[in-house]
Amino acid sequence: MNEQRRTGSADSTAGSRHVGFFVTCLVDLFRPSVGFAAIALLEKAGCRVAVPNAQVCCGQPAYNAGDRRDAQAIARNVIAAFETFPYVVAPSGSCTGMIREHYPKLFAEDPDMRGRAEDLAGRTWELMSFLVDVLGVTDTDAPAFPRKVTYHDSCSGYRELGIKAQPRLLLAGVPEMELAEISQPEVCCGFGGTFCVKYPDISNKMVTDKAEDIAGTGAGTVLGGDLGCLLNIAGKLKRMGATVEARHVAEVLAGMADRPGIGDSEG
Amino acid sequence: MQPTSHAFVENARDALANPKLHRALLNMKAGFQGKRAKAVAGLPEFEQLRERAKAVKDHTLAHLDTYLERFEAKATASGAQVHWARTGEEACDIIHGICQRRGAQTVTKGKSMVAEEIGLNAYLEARGLNPVETDLGEYIIQLRHELPSHIIAPAIHLNKEEVADAFYDAHKDLPPDRPLSEPRELLEEARGVLRRIFLASEVGITGANFMIAETGTTVIVTNEGNGDLTQVLPKVHVAVASIDKVIPTLEDATLILRLLARSATGQEQSTYTTFSTGPRRHDDPDGPEEFHIVIVDNGRSALLGTEAQETLRCIRCGACINHCPIYAAVGGHSYGWVVPGPIGAALDPGLIGLAEAHHLPNASSFCGRCESVCPMKIPLPSIMRHWRNAGFEAGLGAPSFRYGIRGWAWAARRPWLYRVGARLGRWSLRLLARGKGRLTAAPLANGWTKWRDLPAPQAGGTFHDQWRARQRGAGGPGGAGAGA
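Chains as they are written, first to last, in the working numbering: chain A, 1 to 267; chain B, 1 to 484.
So here's chain A without its partners, still in its complex pose (with noise of 0.2 angstroms):
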């Protein structure tokens, strides 16, 4: 561990630095690497993380399709999973999203359970802000990533997060690594959870426009930070034929972006 890795003024005592990992469930059945590049992030910022076992999914799919109820019922194990823990992180700005701005809101009608919620909802953190505006980690110290890279902003990590500068921060810390923008970051990927199922003709349309935006940065790695949109680009550019790989941000900051990309083939 290099001495001078900058991890910033937040009080290093090891119990104010205490994390609930929460994996995702998509991490859990698609990219464990993701969950281990992650956890490897925190420790190195001196972070002890823990895995409750408690836990399954934000219950995101149930809320949006309306299904009020049994994404109460998902909301309390999580609730009750991560009570403990001064400090929550989710390798996703989308479950994040999901735990700090909508719990709340999803127990409006029961003064326990909002208060409950609301209660994680302050300790909950997508992993790049916790990193960044928690810590106070400015460099990562990752190995050289000699790749021409873009980035893709979900959705809900941008606009309910105001996740954009600091992935962006940790990223100009790798070496040999050239970051080029694409035209529209601000425009939706076209995964939206169950939306891709549900309306997959409208689905394919954007990600279409968001996979050519991607292949014309001329970019060899495109990066992002939920693994649902990364899932559904990734797709998309195999389907188109394309060479960008897609990954998740945590594997290129934690030195772990040995793996094949998302989709490519393991042989």
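Honestly, the hints are just simulated from the structure, not real lab data. Treat the hints with care, as some may be off.
[To be verified] Quick list of in silico lysine-lysine cross-link-like pairs, PhoX-like style, CA-CA up to 25 angstroms:
id : chain 1 : residue 1 : chain 2 : residue 2
1  : B       : Lys377    : B       : Lys54
2  : B       : Lys74     : B       : Lys235
3  : B       : Lys29     : B       : Lys160
4  : B       : Lys35     : B       : Lys54
5  : A       : Lys164    : B       : Lys377
6  : B       : Lys377    : B       : Lys29
7  : B       : Lys377    : A       : Lys105
8  : B       : Lys35     : A       : Lys164
9  : B       : Lys160    : B       : Lys35
10 : B       : Lys450    : B       : Lys436
11 : B       : Lys54     : B       : Lys38
12 : B       : Lys172    : B       : Lys160
13 : B       : Lys20     : B       : Lys35
14 : B       : Lys160    : B       : Lys20
15 : A       : Lys164    : B       : Lys29
16 : B       : Lys450    : B       : Lys20
17 : B       : Lys54     : A       : Lys105
18 : B       : Lys377    : B       : Lys35
19 : B       : Lys160    : A       : Lys198
20 : A       : Lys164    : A       : Lys148
21 : A       : Lys164    : B       : Lys450
Here the structure is a predicted model, which means the values were calculated and not measured.
We have chain A; now place chain B onto it with these hints.
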């Protein structure tokens, strides 16, 4: 015209297969977005103005009856005649009655979304009148018997060749060799025809962007000047407006006007902003002899006190539509009703019923861009969510999706069961991917794999399985060796 919102999926499929539509929508997006961004950047107090405008409208909606009655009293005192209509049908009947009493045949119309909503043209035509739209875009879609596809640019879905065809079809004395290939030529042709109609018109019907309670004034903003010719040349002016258009004071109007044009077209001010207070007085150089104001509810009062109330703050600038990726993909007609895009998805279920419109609030990725540009800070995604909740309660939507969500949620409440399911899902997907890293087809995922590959789960087990294995190997928390 009957709504076709229930057929949103089919409408959208047709729209997606229409390359001409996409070229037109691409132009729109590029123009409106850039111009709005520039106009907003040039007004440092834009955010403050949004907050103040929101507060004005919230206050007005909380005291709507008071302000509407105050408006009526002031408008009546200035010589206008105020009519109240509970439904679209009543409003049409009132307006038809005015035309009939004056023996009107030709009626000119300024652009009015509420007139589209209540089907005024069809109502008057069915009773032998000749209503003619005078806004260029509205004129074109009237010739084509279409609904507007955008609230500030009704013919945005058309290219100039389609407009020329509409003119060749409708303008009977138009020589077939008359060139109509340039926008300028199209404009001249429409202007020539409309000038004659303006002079023949006996009743002019406009909408109203605002009704000012303090003075009994109606306000319209236009860029073509057609609205002024519509309301000043004929002997009778009828302004039709929905109840949510009332605001307390002139000062409030100037506040909201500063937001309106900037949000809509990026202009600081529309070309024409016209305040109408009462009919012509003896010393006025021009103006109508009679001024009628028809105030329409048509379902809006039922939204008061519900989560959809905030849609009534809308000032119809179209910013949400101009920034919506769904609208940009499918165009306005796919929504199947007068107000498309995010504001349509939030408002239409309240006006035409959730059974008819339930697709509209569902067909959103909740990207939130609409809310971020709305000058009136309407929480459009939250209101769409309100309708989704109501739709789920009412059993609307595809049963396969509903049962799918309920089944998934049942498992997601039971971590041990979910882990077993995740293992099984992971194993099946990897088997189907056959080492290629992705699937080109997958059971239960046709919507996904029809258009894109499905990345296969990584080798090595689910995250939770790998994490537990590492925990056991390392003998406790914190020793996971995650960076290994």
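Going down the list of hints, with the structure as the test:
no.	hint	verdict
1	Lys377(B) to Lys54(B)	holds (7 angstroms)
2	Lys74(B) to Lys235(B)	holds (22 angstroms)
3	Lys29(B) to Lys160(B)	holds (17 angstroms)
4	Lys35(B) to Lys54(B)	holds (23 angstroms)
5	Lys164(A) to Lys377(B)	holds (22 angstroms)
6	Lys377(B) to Lys29(B)	holds (21 angstroms)
7	Lys377(B) to Lys105(A)	holds (18 angstroms)
8	Lys35(B) to Lys164(A)	holds (23 angstroms)
9	Lys160(B) to Lys35(B)	holds (22 angstroms)
10	Lys450(B) to Lys436(B)	holds (18 angstroms)
11	Lys54(B) to Lys38(B)	holds (22 angstroms)
12	Lys172(B) to Lys160(B)	holds (19 angstroms)
13	Lys20(B) to Lys35(B)	holds (23 angstroms)
14	Lys160(B) to Lys20(B)	holds (11 angstroms)
15	Lys164(A) to Lys29(B)	holds (23 angstroms)
16	Lys450(B) to Lys20(B)	holds (24 angstroms)
17	Lys54(B) to Lys105(A)	holds (21 angstroms)
18	Lys377(B) to Lys35(B)	holds (19 angstroms)
19	Lys160(B) to Lys198(A)	violated (34 angstroms)
20	Lys164(A) to Lys148(A)	holds (19 angstroms)
21	Lys164(A) to Lys450(B)	violated (32 angstroms)
When each numbered hint is compared with the structure, violations occur for hints 19, 21.
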